[in-house]
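**Q** Sequence lines, in order, name chains D and Z.
Per numbering that gives the first Met the number 0, the first sequence runs over residues 0 to 169.
Per numbering that gives the first Met the number 0, the second sequence runs over residues 0 to 351.
Think of the hints as simulated: they come from the structure by calculation, not from any bench.
Honestly, I wouldn't trust all of these hints.
Said to hold, decoys possible - Distance condition first, Cα-Cα at most 30 Å in a straight line; then the derived DSBU-like pairs of lysine-lysine: (1) D/Lys-7 with Z/Lys-197; (2) Z/Lys-322 with Z/Lys-275; (3) Z/Lys-80 with Z/Lys-258; (4) Z/Lys-342 with Z/Lys-329; (5) Z/Lys-298 with Z/Lys-322; (6) D/Lys-116 with Z/Lys-136; (7) Z/Lys-136 with Z/Lys-197; (8) Z/Lys-342 with Z/Lys-275; (9) Z/Lys-282 with Z/Lys-258; (10) D/Lys-34 with Z/Lys-197; (11) Z/Lys-282 with Z/Lys-298; (12) D/Lys-81 with Z/Lys-197; (13) D/Lys-116 with Z/Lys-197; (14) D/Lys-81 with D/Lys-34; (15) Z/Lys-156 with D/Lys-81; (16) Z/Lys-298 with Z/Lys-343; (17) Z/Lys-329 with Z/Lys-298; (18) Z/Lys-258 with Z/Lys-322; (19) Z/Lys-343 with Z/Lys-329; (20) Z/Lys-329 with D/Lys-116; (21) Z/Lys-329 with Z/Lys-282.
Stated by the list, open to error - Now the in silico label distances, taken between C-beta atoms and shown as ranges: (22) Z/Gln-59 with D/Ala-105: 39 to 47 Å; (23) D/Arg-82 with Z/Val-44: 19 to 27 Å; (24) Z/Ser-196 with D/Arg-82: 20 to 28 Å; (25) Z/Arg-4 with D/Ala-8: 37 to 45 Å; (26) Z/Phe-84 with D/His-109: 30 to 38 Å.
Ideal Cβ placement from N, Cα and C applies to all residues, glycine included.
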Amino acid sequence: MLCDKCQKAPAAVHLTQVVDGQVKKIHLCEACAAKSGIDLQKTMSVTDVLMGLDHLVPETGTEKTETDSLCPECGISRAEYKRRGRLGCAACYEAFSDDLIPMIRAVHHHLQHGGKKPHAHAVPVEEADFSGDLKAALAKAVEAEDYETAAHLRDQMKDGNPSGRERHGT
Amino acid sequence: MELDRILNHPGARVIPETESGIVVSSRVRVARNLRAFSFPGWLDVDGRVDVWQTLLGAIQEIPACSERVICPMSELTEMEKHLLFERHLISREMMARGEGCGVIVCPEDGFSLMINEEDHIRLQVLDAGLNLQSALKQADALDDAIEAQAEYAFSSKWGYLTSCPTNVGTGLRASVMLHLPALVLMQEMRPIINGLSKIGIAVRGLWGENTEAAGHMFQVSNQVTLGDSEEGIISQNEQIVQELVQHEENARIRLLEEKNVLLQDHLGRAGGILEKAHLLSSKEALNLLSALRLGIELKLITHLRRSVIDELLLLTQPAHLQKMFASDMKPDERDQARAELVKKRITQQTGD
Ligand SMILES: [Zn+2]
Ligand SMILES: [Zn+2]
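Next comes chain D alone, as it looks inside the complex (with noise of 0.2 Å):
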């Protein structure tokens, strides 16, 4: 296998990280992964690969099209957290669940919580009201590495359910 970068050397550093909500395997040489910032040496966190690291990404093919969704709840931009590499509040986790599914799948290989719960006092973060069914089918989407489905699902759910980002203008 070749590095993506140089398309020279034989890769020996191989990555997983998440793009506009997809998960991409990035595999580099030593050369342009030292280059890149990755000390081989060093151990990194899962979270400066899988958040942090976005200029790795091969410049050809994937031009960017991100549009720059806010939470509603303290106000954050997609691009803010990314730097920082850290959620604004619990309300994040829904509003930019389209990069988080694929990135707390690639850590935690897991989707659902299987833990303690409190007791009495805390509620459940709002979730927006999509039918059970498309969320279903879209778990289930990403969960297979199917992004072109998951992708689709997300616009069907989005154009059902247009409530969410323009409802502060009633």
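Given chain D, work out where chain Z with the ligands should sit, using these hints.
**A** Just chain Z with the ligands, lined up with the frame of chain D:
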């Protein structure tokens, strides 16, 4: 000074001399956030102070926290912050924080709460030896008590919501500190670290990185926090630690049988330098003390007790050294003080 109550307490470092010292300590850390506030990184000072007050109020109501020492970052000197850092009670990130941020420590009960670090709450329980189960139980009870006073950010899908998605779900990080000198000497740590990373377990040097780990102290912790239950995470971690302990024991036997001269040389040099040196860097001290620790456990060194070494591992760190000598020292002055302290402690015992 109330900070002394924290420093005078031995914490989790004392293991009975008769027990194996391969597992040094167990730590359970739980991340939680309050539903009503943005995560700390995005809060302004007023917001952080608000969270701090809210949580102090909540903790006041909890009987288990009655013996607390409150350490607001804004009221600590740089040296005090470093002391808490060397005790693993605050992180580097926390050291840089100011008003509205701090740590609440219950030294006699072995737990602490960092407020407004990466998350609103980082609850930590520390225990000697391999005791993740009991540490989890204690953390769980404290978590329940806090939850009764404050509403957490929680979603049925993602679990406890954290500022960084790498901690989401249980918010649980279970880590065990291990002393693995024989595996380092046999050059077997790298494949172990690589292998464990593939199953979601991180192995890091306690001081320094990877196999360069000074003092041959390693921290083994789970990376995956979402999906499994708390008990599942803990038991996987314990199982891996037990395997590592076995590997280390095997490596010690092989060292004794196959590399006896190398081992004796290693121990002899360590003892010689520690007794005769006039300048000792922090890293050198850690590595040589680690060798003595191994020698004591292998019963090749009989004139020293392990607790003396463990105490020195703590006291030879820069801030602890400064505190003991009660002066602002330059690095070379610290190296001199460190050499003096070590020499005194290990030769004192020889005379016993
Ligand atoms: Zn290349
Ligand atoms: Zn938000």
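**Q** For this structure, which hints from the list above don't hold up?
**A** Hint check: 3, 5, 17, 18, 20 and 25 fail, others pass.
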